[in-house]
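Student: Sequence:
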Amino acid sequence: MKILLTVLVAIGMLATLGTLFAGMLGMARSDGSGERSNLLMRWRVVIQGITLVLFALLLAVSRG
Numbered sequence: 001m002k003i004l005l006t007v008l009v010a011i012g013m014l015a016t017l018g019t020l021f022a023g024m025l026g027m028a029r030s031d032g033s034g035e036r037s038n039l040l041m042r043w044r045v046v047i048q049g050i051t052l053v054l055f056a057l058l059l060a061v062s063r064g
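Straight run, no breaks: the sequence shown in UniProt numbering ends on number 64.
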């Protein structure tokens, strides 16, 4: 279980980082109203929250 949670946390961290960079690049290009960048930043917050929950579960499993 610890290995699975560790892998999921790592994937979540990479997904958060990728979404962050995609949103930042979209804002830097500023090729329109920025709706796509705003959507990507919302997804980043969701993915980051899921990753934090997985990390908390990993800590709980490793202590118990």
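By construction, these hints were calculated from the structure, which means they are not laboratory data. Hints may be right or wrong, so weigh each one.
Said to hold, decoys possible - Below, in silico cross-link-like pairs of lysine to any residue (SDA-like), each with a Cα-Cα straight-line distance of 25 Å or less:
id, residue 1, residue 2
1, 2, 50
2, 2, 53
3, 2, 30
4, 2, 38
5, 2, 36
6, 2, 64
7, 2, 42
8, 2, 22
9, 2, 21
10, 2, 61
Said to hold, decoys possible - The calculated label-pair distances, taken between Cβ atoms and stated as ranges, are:
id, residue 1, residue 2, range
11, 1, 42, 15 to 23 Å
12, 64, 25, 16 to 24 Å
13, 29, 7, 15 to 23 Å
14, 14, 60, 17 to 25 Å
15, 39, 6, 38 to 46 Å
16, 60, 38, 15 to 23 Å
17, 59, 14, 31 to 39 Å
18, 1, 34, 14 to 22 Å
19, 64, 34, 17 to 25 Å
20, 8, 36, 20 to 28 Å
For glycine and all other residues, C-beta sits at the position ideal for the given N, C-alpha and C.
Student: Hint by hint, note whether the structure agrees.
Tutor: Quick rundown of the hints versus the structure:
Note on residue 2 and residue 50: the hinted pairing holds, with a Cα-Cα distance of about 17 Å set against a maximum of 25 Å. A distance of roughly 14 Å separates the Cα atoms of residue 2 and residue 53; the hinted pair therefore holds under the 25 Å criterion. Between the alpha carbons of residue 2 and residue 30 the distance comes to roughly 42 Å, so the proposed pair goes past 25 Å and is violated. The straight-line distance between the Cα atoms of residue 2 and residue 38 is roughly 34 Å, outside the 25 Å bound, and the hint therefore fails.
A hinted pair counts as satisfied when its Cα atoms are at most 25 Å apart, and residue 2 with residue 36 does not qualify at roughly 36 Å. For the hint pairing residue 2 with residue 64, the CA-to-CA distance comes to about 11 Å; that is within 25 Å, so the pair holds. With a CA separation close to 29 Å, the supplied pair residue 2 and residue 42 exceeds the 25 Å bound. A threshold of 25 Å between alpha carbons decides the hint, and for residue 2 with residue 22 the separation of about 30 Å lies outside it, so the pair is violated.
Straight-line distance between C-alpha atoms of residue 2 and residue 21 comes to about 29 Å, which puts the hinted pair past the 25 Å bound. Simply put, residue 2 and residue 61 have alpha-carbon atoms about 7 Å apart, close enough for the 25 Å limit, and the pair holds. Against the hinted window of 15 to 23 Å, the Cβ-Cβ separation of residue 1 and residue 42 comes to about 30 Å, which falls outside the hint. The beta-carbon spacing between residue 64 and residue 25, approximately 41 Å, falls outside the hinted interval of 16 to 24 Å.
A hinted range of 15 to 23 Å for the beta carbons of residue 29 and residue 7 is inconsistent with their spacing of about 33 Å. The beta-carbon spacing between residue 14 and residue 60, approximately 22 Å, falls within the hinted interval of 17 to 25 Å. Taken as a hint, the range 38 to 46 Å is violated for the pair residue 39 and residue 6, whose Cβ atoms sit roughly 29 Å apart. Restraint check, residue 60 to residue 38: a C-beta distance of roughly 34 Å breaks the suggested window 15 to 23 Å.
Separated by about 19 Å at the C-beta atoms, residue 59 and residue 14 break the suggested range of 31 to 39 Å. For the pair residue 1 and residue 34, the beta carbons lie near 41 Å from each other, so the given range of 14 to 22 Å is not met. With their beta carbons about 45 Å apart, residue 64 and residue 34 fall outside the hinted range of 17 to 25 Å. At about 27 Å, the beta-carbon gap between residue 8 and residue 36 stays in the expected band of 20 to 28 Å.
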